[in-house]
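Chemist: Given next are the chains, with one letter for each unit.
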Amino acid sequence: AQKITQTQPGMFVQEKEAVTLDCTYDTSDQSYGLFWYKQPSSGEMIFLIYQGSYDEQNATEGRYSLNFQKARKSTNLVISASQLGDSAMYFCAMSGYNQGGKLIFGQGTELSVKP
Amino acid sequence: DTGVSQDPRHKITKRGQNVTFRCDPISEHNRLYWYRQTLGQGPEFLTYFQNEAQLEKSRLLSDRFSAERPKGSFSTLEIQRTEQGDSAMYLCASSSAGRSTDTQYFGPGTRLTVL
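In order, the protein sequences belong to chains B and V. Under the numbering used here, the first residue of the first sequence is numbered 5, with each subsequent residue one higher. Under the numbering used here, the first residue of the second sequence is numbered 24, with each subsequent residue one higher.
Don't take every hint at face value.
What the hints assert, rightly or not - SDA-like cross-link-like pairs, simulated, lysine to any residue; straight-line CA separation at most 25 angstroms: (1) Lys34(V) to Ala92(B); (2) Lys77(B) to Lys34(V); (3) Lys80(V) to Pro131(V).
By construction, these hints were calculated from the structure, which means they are not laboratory data. In this text, all values refer to a predicted model and were calculated from it rather than measured experimentally.
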């Protein structure tokens with residue numbers, strides 16, 4: 005069975021600093037995708053960044069980057085130069101090649117950016 | 024390019040009533056997913072369609088829940104005889120059918136409150 009674990013229920017970061025949100029996963033699929041979504045208080049899930057299991061380079065997307073360590077089954081999200089608008093819930097999720105594309109989500113990490 | 028839309032955004036109903044939610048995916052996307060999210064949790068998979076075919080249903084989807092995607096475009100999720108435990112955010116997402124690991128884009132969600 006697939007599982008996503010986010011061990012940080014809440015994180016604080018000072019504006020303009022970088023922050024790392026942790027995510028570990030477990031799967032028996034050889035081919036899988038790892039995703040990060042942001043959920044502001046409005047409730048909409050906003051796609052941030054994707055990492056494929058066969059990608060050799062860490063994914064980057066603007067201020068977002070992933071520290072993907074396949075052997076350790078972790079895919080940590082790094083947000084650089086934090087902004088007040090980054091305050092939200094962040095969810096790590098995965099889908100497997102044999103799972104029909106359905107996403108398995110972690111419990112989420114609530115990020116608060118301080119001015 | 025319009026994103027995923029959901030209607031209504033909020034629904035308050037009395038226990039025992041039936042409710043129906045609608046989701047309109049991104050126009051060129053063949054796959055459509057329904058998730059349920061309760062307070063403080065990550066979304067949980069309910070069901071998904073590829074075109075008009077419903078390919079998988081979660082065990083979370085009791086007999087009171089039914090979903091359709093009659094022409095492979097919009098989808099509806101109906102809950103019959105609602106219970107207080109059905110109170111949650113219902114999220115719809117869509118993706119192209121190229122790979123199981125394709126990115127899913129979410130709508131704004133329908134927040135259901137059962138009194």
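Chemist: Does each hint fit the structure? Answer for all of them.
Modeler: Hint check:
Among the hinted pairs, lysine 34(V) with alanine 92(B) is consistent with the structure: their alpha-carbon atoms are about 24 angstroms apart, no more than 25 angstroms. In summary, the hint linking lysine 77(B) to lysine 34(V) is not supported, as the alpha carbons are separated by about 40 angstroms, beyond the 25 angstroms threshold. Between lysine 80(V) and proline 131(V), the direct Cα distance comes to roughly 22 angstroms. Compliance with the 25 angstroms bound is thereby established for this hinted pair.
Checked against the numbered hints given earlier, the structure breaks only hint 2 and satisfies all the rest.
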